[in-house]
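Residue-level listing of the chains:
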Amino acid sequence: MHPTSLMMTSSLIIIFALLIFPVLSTFTPTTKTPDWATTHVKTSIKLSFFISLLPLFIFLNEGAETIITSWTWMNTTCFDINLSLKFDQYSIIFTPIALYVTWSILEFASWYMHADPNMNRFFKYLLIFLISMLILVTANNMFQLFIGWEGVGIMSFLLIGWWSGRADANTAALQAVLYNRVGDIGLIFAMAWMATNLNSWEMQQIFIASKDFDLTFPLLGLILAATGKSAQFGLHPWLPAAMEGPTPVSALLHSSTMVVAGIFLLVRMSPLLENNQIALTTCLCLGALTTLFTATCALTQNDIKKIAAFSTSSQLGLMMVTIGLNQPHLAFLHICTHAFFKAMLFLCSGAIIHSLNDEQDIRKMGGLHHLTPFTSSCLTIGSLALTGTPFLAGFFSKDAIIEALNTSHLNAWALTLTLLATSFTAIYSLRVVFFVSMGHPRFNSLSPINENNKSLINPIKRLAWGSIIAGLILTSNMLPLKTPIMTMTPLLKLAALIVTVIGLLLALELASLTSKQHQTSPNLALHHFSNMLGFFPSIIHRFSPKINLMLGQLIANQLVDQTWLEKVGPKAITTFNLPLIITTSNSQQGLIKTYLAFFLLTITLAIILTMS
Amino acid sequence: MFSKHYVIGNNTSGTFVIWPYGRCFPEGPPGCLFPVKGGSGIKGFVESLNIVAAMGAHLARRYVTESDTEPDPKRKYEFDPQFGFPERNEREMVASQEQMNLAQLPLEQRDYCAQHLLKLMKCKRDNWPNFLSCQHERHDWDSCEHQDYVMRMKEYERERRLQLRKKRVENQAEAA
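Going down the list, the sequences are from chains R and V. At position 477 of the first sequence the residue is numbered 477 (the UniProt record's numbering), and the sequence of numbers has no breaks. At position 15 of the second sequence the residue is numbered 15 (the UniProt record's numbering), and the sequence of numbers has no breaks.
Bear in mind the hints are in silico, worked out from the structure with no lab data behind them. Beta carbons: idealized from backbone N, C-alpha and C, even for Gly. Do not rely on the hints blindly, as some may be mistaken.
[Claimed, not checked] Cβ-Cβ distance ranges computed for the label pairs, FRET-style:
| # | chain 1 | residue 1 | chain 2 | residue 2 | range |
| --- | --- | --- | --- | --- | --- |
| 1 | R | D214 | V | F79 | 33 to 39 Å |
| 2 | V | F79 | R | F535 | 54 to 60 Å |
| 3 | R | R121 | V | P106 | 42 to 48 Å |
| 4 | V | S96 | R | N75 | 40 to 46 Å |
| 5 | V | D148 | R | K461 | 41 to 47 Å |
| 6 | V | P106 | R | S10 | 25 to 31 Å |
| 7 | R | N411 | V | S96 | 34 to 40 Å |
| 8 | V | Y63 | R | I20 | 57 to 63 Å |
Just need the whole structure built from these sequences, with the hints factored in.
Right, here's the structure in full:
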């Protein structure tokens, strides 16, 4: 075996072994020490991160990629399912990023969850999630990808419902599972189509054998799967509801890693997508709609975690738009940069929430720039990166996407929506910073504010460095796989920046209105649409259960039970016969006088006739 | 921001020249249909702002005013590339098929600037971990792609003007 591929294979196997070992050790009957989470789990992830840098450096130095098929799992005469791992550009770059972000989040979680009696189990769940995510990312066949896909879904359910005594948390966990299940239908359909038509689930064979097929249906299935997992419009309400889980869960699953799995699937399947115009247009329009709708919903939210959740959904919509532009590597770049600053935003939110005695409403925060300077500074850095401030991490990916959108020969509606959503991103980001960091405190003075903790500062610091330099490092090391168009007029080039600045100025103006007693006239309720999340949960969460229950009542109860089995069957006999019986018996009642009269008449007639 | 990478570019003498709104580069292709005059310095910048303010004229032209003569960039052009030129050579690729196969270039990147990309890829591989190097090769590739874009714009504008000319000739023939 060539030394390069040997080193890469060994690194990957060692990473998996390091991650699986703590999980296996929990199956032994020995009780774990209270600091097992920090000593074993966090250490294994830290080590895995440093080991994962080796294949990354080999790839950057030599461009080496490997596909490792190690175990024949289920093989029939013409259909093989093997354990095969693909270490190409996407998985080689994403794995260290996922491990770095997870390392930071686990260190933060050791501070955030220190009062939780089941912290060890919490860390175990996070570790199982990470293993599933890496299985998904490194999968070279659809079956393995499906294993990872379902694994992350299940762990999401368990982690959202961590505080299972809370009804809202249980509802949110169920919501996540149900919406993801709808998406899974698409994935399973695509897998079934591939198995029957292409006779394989291995990605290389799928790409080669699908050249002469019309791939619209399986691609729409994959898009449905991405819609469910990546919270696109229509299957998006689970993501803000998932904020019921602890903040480390929101930071890891619902911002950086799990929710990008849908986009990652489409990036992996991009050779199939690139020749199908219907699928590309679907991605473009769905992504544009998602990014604007969720950015609109984020404008009027008051829960700091919900704002970040909608922001995540909006960025996922932007990634979907990029897929629709046939630029999967740009979508992947945005996945990587987004992981850093979004995780950092969540960690800062968690630090602030804990410092203010579990207060999550931004209207009850304020002045934290003086009280928690480090946290609020990193919140500002993360928000600036999110808005695409030049030369931070988000700029390299977001600006590239918007430039590609501006210079492509595609519909202007998607472009308009995306630019509007970019503006809204600036608005809600500034709103968060304004209400949280600026101004005067709007909370009680007896809050346990203390950010002077190594476990809190170090992870946020690491992610802050990532948010600043990750974009530069990634774009400098990765050559684009599609030639970017660098020629455009200054207005197009600066379009993203202009709309962001307009949004910031607008937000500053609107936010400053809150400190003045200013009655707006006319008194319009324009914010209702945004505040009620577009009325989407109100309509859908009531409508379809009501329809189902009504249909259930109508068909099962009224139609079958009451009508066919009662009214038409046995009771019909009664119904028809009873009036006849009643009429007959009624007609023969109360006639005794008539009978006597007839009797007398008959006797009289008989006597008269015999007498004559 | 106003470097030579953009459509409102500058030629070697440092003057601002505006394209494609009725003017050509001084060193433009032979057979250029309009004479050359460009603004310089501040005047050119102000003129370019006026053009920026009037952006969208191409959309009005495409869909409203000249929808019958605007060429469709996705379809093959009607006019022969040699029409109007005494001699015009076909472009030749510098990078060979074999070189591009060895570098495993994706199909979309196998264009007339592939030789610069191959040099860039080699430079990146040789200079790693110094990821800030290879700026010169990167610029060469970007510049080549920019010139390629400008050439495509010019071909489009040539086709558009020839269509307008054809319509003018037909109208004159009908009037006569």
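Do the hints match the structure? See the list:
{"no.": "1", "hint": "R/D214 / V/F79: 33 to 39 Å", "result": "36 Å, holds"}
{"no.": "2", "hint": "V/F79 / R/F535: 54 to 60 Å", "result": "55 Å, holds"}
{"no.": "3", "hint": "R/R121 / V/P106: 42 to 48 Å", "result": "46 Å, holds"}
{"no.": "4", "hint": "V/S96 / R/N75: 40 to 46 Å", "result": "42 Å, holds"}
{"no.": "5", "hint": "V/D148 / R/K461: 41 to 47 Å", "result": "44 Å, holds"}
{"no.": "6", "hint": "V/P106 / R/S10: 25 to 31 Å", "result": "29 Å, holds"}
{"no.": "7", "hint": "R/N411 / V/S96: 34 to 40 Å", "result": "39 Å, holds"}
{"no.": "8", "hint": "V/Y63 / R/I20: 57 to 63 Å", "result": "60 Å, holds"}
Of the numbered hints stated above, none is contradicted by the structure.
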